[in-house]
Amino acid sequence: MVAFPSLLAGFLWGCAGGSAPEVKEIVVGQYGSLTGAEATFGISTRNGIELATEAINAAGGIGGMKIRMVVEDDQGKPEEVSTVVNKLISRDRPVALLGEVASTLSLTAAPLAQNAGIPMISPSSTNPKVTLQGDYIFRVCFIDPFQGTAAAKFAYNTKGVRKVALLKDVKSDYSQGLGQFFTETFTALGGQVVGEESYSKDDLDYKAQLTKIIATGPDAIFIPGYYTNVGLIAQQARQLGFQGIFLGGDGWDSSKLAEIGGAAIAGAYFTNHYSTDDPNPTVQDFIKKYQAKFHEIPDGLAALGYDAAQVLYMAMAEVAKDPAMAAALGDRSSVPATEPARKKAREALRAVLAKTSGYAGVTGSITIDENRNARKPAVVVEVLPEAGKYKFVESVAP
Amino acid sequence: MIVFLQQLVNGLSLGAIYALIALGYTMVYGTLQLINFAHGEVYMIGAFAALYLAKWTGVEDNPTIPGVLLVGLGAMITCAALGMAIKRLAYRPMRRSSRLNILITAIGISLLLQNIGLLLFGAIDNFPDLVPQAQWEPVAGLMLRSNDAIILGTTLVLMLVLHHIVERTQLGRAMRAVSHSRDTAAMMGIPVDRVISLTFAIGSALAAAAAVLVAMDKHVITPQMGATGGLKAFIAAVLGGIGNIQGAVLGGFLLGVCETLVSGYLASTYRDAIAFAILIAVLLVRPAGLLGRHTVEKV
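If you read the sequences in order, they're chains H and A. The numbering used here applies: residue 1 is where the first sequence begins, and numbers increase by one. The numbering used here applies: residue 1001 is where the second sequence begins, and numbers increase by one.
The following block holds chain H by itself, in its conformation from the complex:
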């Protein structure tokens, strides 16, 4: 009973913005598909980021301040992304945003971050349009023109594929873009695209499109899509008697792929950001730490999430060398008078991010180019029957 009035007084005092010493934190917003058809993307990314955040906080944080990550679930839906990103920006006032995996979702969120003047790093959206939304939008992965070229060269040169059919997600910028870049290189090499069909993300039945495709007799089907659809497509294609090769991109990378696709998807090839077979100590160290914490092999999305957070924290540490800037990074008040200082700190963060060069990440050396993309090599992996296991096939330099 005695404690109550003093508690209340303390509460009121706190509300009035008194000068009580408080532990300052730097808030970073993160949005991703923690549920929905691409749930493993969001979860892996979150885990990777969490690992990086824990490490930096354990090492004392940035400028004496801990990082606080605020995570929002966008369910993998474009209509949810604007809601959660606006919520993050207005409620949590983060100094930076991390997200999304799916390009369509990053494309929806990018203008919001750009208008608010908040640097945003997409760990793994590969569509070229994403970073063209503005100078505050970055990514730490390669882009689809490179990935599509790598896949087409692998198909034509290494596997000897001459006739290919495409099956694309009609509403995904990622799928449309990757399909287009693959087609450009493959036809330029002398290959032939015999069929091009589409599906919707929510479809469970692809037999109509597959029947049409198989009738044209392709050596391989290129599926620039996400793992749930890809697993189902592979199964149904085999049931309809297709015996050729399945090829795809980094959207396949999930332990669910082999679970859904079963025997049908084993032996398929896709381009990815890193290979767990890489003997590089940075990679092996990351895999060991990740496995100890989450009890699974990190997929490419987890590695990119880790790298995105690392690049962000390094840039923050650089900005926080100036005490005034550090104070502004930790300032979460909504007082208009201090907004110019916060804005200046975010602008400084943006400038440092743009100069990122040669950072040795898990997914390779990260250098941010003039379009705020990362130039990095890609790997081609083969899907093994065990969930989440891939065999390294070849590496493709940018």
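By construction, these hints were calculated from the structure, which means they are not laboratory data. Nothing false has been slipped in among the hints.
Here are the simulated DSS-like cross-link-like pairs (lysine-lysine), alpha carbons at most 30 Å apart as the crow flies:
1. K77/H / K389/H
2. K389/H / K163/H
3. K355/H / K24/H
4. K293/H / K1055/A
5. K389/H / K1055/A
6. K343/H / K355/H
Chain A: place on chain H using the hints.
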């Protein structure tokens, strides 16, 4: 020609599922003039009910024909109970409200169930291989899958059973009477409330059967699967004439075949656009749907 036959088989097997779900929409609409938007979620819960039944009974590891039938029946009974519970808890307290209020309640229940599903079942699950899959190739290029045979066969049997119930039993007669005029039926001593409950039960059981068939064939089940499946089935019910049982079956098969042929012969990119354009065209010519009767609202 072979490719056309293959597409026809694909379309019929897709349409069978639409038809089974559409029956639930149409039967509830027939008796209650309510579009039960929660029906898609009942279908979703049917799939998860079957999954957990298969896990608990051990049928997952050791699938036998009686075991699989038991899992299917169990899912149907679960959903029948769920359908009746939804009617009792959500719609019955609203029966004196305007139809708009009940419609909004239905949408609310649909969202509620979808999110409960997300909470309880997680984002995505994998349905076990309960029935071994086989393919036959009677002619080169024509692949007949055992799953298509199971889907079409089960649908046919369930439709015959439903036809028997509606046309030959006392319950069916009562359902038809309620659908004709609820007030008159009540005056004739028909327990209207119980008949409506049983209509919900039958419709929900059929949705569960559809869910088990889809889950067995496709293996991927998600709490969101009811949203898309339900929407397509609802369209099938409207296409055939909502409130009309034969219409729902016809609408389901037509929509399935139509979608498949559009994908197979026109452009898969515009599949939904073309399929829905056809729907609009049909409704322009026959506003009450293909087999629906146009009734004049008496004031």
